[in-house]
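Novice: Sequence:
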Amino acid sequence: MSVLEAVVFDFDGIIIDSETPEFESHRRIFDRCGVSLTIDEWCDQIGVWTEGHDERWFRELRARSSKAPDHDAYHAEKRRIFDEVVPDAPMRGIGELLRRLAGAGVPAGIASSSPASWVVGTTERLGLRPLFGAIVTGDDVVRRKPAPDVYLEAARRLGAEPARSIAVEDSGPGIAAARAAGMKTIAIPHWLTQGHDLVAADLRVVDASELTLERLMELVDQE
Numbered sequence: 015m016s017v018l019e020a021v022v023f024d025f026d027g028i029i030i031d032s033e034t035p036e037f038e039s040h041r042r043i044f045d046r047c048g049v050s051l052t053i054d055e056w057c058d059q060i061g062v063w064t065e066g067h068d069e070r071w072f073r074e075l076r077a078r079s080s081k082a083p084d085h086d087a088y089h090a091e092k093r094r095i096f097d098e099v100v101p102d103a104p105m106r107g108i109g110e111l112l113r114r115l116a117g118a119g120v121p122a123g124i125a126s127s128s129p130a131s132w133v134v135g136t137t138e139r140l141g142l143r144p145l146f147g148a149i150v151t152g153d154d155v156v157r158r159k160p161a162p163d164v165y166l167e168a169a170r171r172l173g174a175e176p177a178r179s180i181a182v183e184d185s186g187p188g189i190a191a192a193r194a195a196g197m198k199t200i201a202i203p204h205w206l207t208q209g210h211d212l213v214a215a216d217l218r219v220v221d222a223s224e225l226t227l228e229r230l231m232e233l234v235d236q237e
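For the sequence shown, the tail end lands on 237 under this note's numbering, and the numbers increase by one without skipping.
By construction, these hints were calculated from the structure, which means they are not laboratory data.
Note that this is a predicted model, so its numbers are computed, not measured.
Treat the hints with care, since some could be wrong.
[As the list claims (entries may be wrong)] The list that follows gives simulated cross-link-like pairs (lysine to any residue, SDA-like), each with its CA atoms no further than 20 Å apart:
id, residue 1, residue 2
1, Lys81, Ser50
2, Lys81, Gly48
3, Lys81, Asp45
Could you put together the complete structure from these sequences and hints?
Specialist: Spelled out as structure tokens, the structure:
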């Protein structure tokens, strides 16, 4: 009999589409200053946490355009655009999948490199917090993705064996992290990560609405 012990989700680009507003908030400022910020430039960093991420793009704009705003104005405008664009609902099929897992008694968790202030607060705002037995963020581990630490910690908190658990990811570094933790992996590419190498995923789907309990149980049983 199939035993699925846990399903652990990435957050950005899987639970909520924060990838689009993050890119757009920088891109629009670049555009106003007469320079372009391309998807190719942007996409390689997705799934990898770097300190000073926003500072990098502020410095890049200052190097490319004499019209760049000052530091405080850049970050204030970036936040304004992000808040304007970020959706107020989870990504397609996520809520339904989480409720099906809860109904079947399968624990769900989050494993994210983002800070807890963003992940926990947004999960609560979406009304999904009660559906997660564990939320592990970059604040909880020494090494972020592509290291396996957040996935291993999520499995530990859920009392699940990684080999009997599934990770749901949208990026190459995320898939690498989950595989290193010993989990089966499902890729749901975001439009900004279509170019990532996701061939190592055990399953690739368009969105979470394609994931039935039967399909998840079959996946965890695959050798």
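Novice: All hints are to be evaluated individually against the structure, with a verdict given for each.
Specialist: A quick look at each hint next to the structure:
The hinted pair formed by Lys81 and Ser50 meets the criterion: a straight-line CA distance of about 13 Å does not exceed 20 Å. With a CA separation close to 8 Å, the supplied pair Lys81 and Gly48 stays within the 20 Å bound. Distance check on the hinted pair: Lys81 and Asp45 sit about 11 Å apart at the alpha-carbon level, within 20 Å; holds.
Checked against the numbered hints above, the structure breaks none of them.
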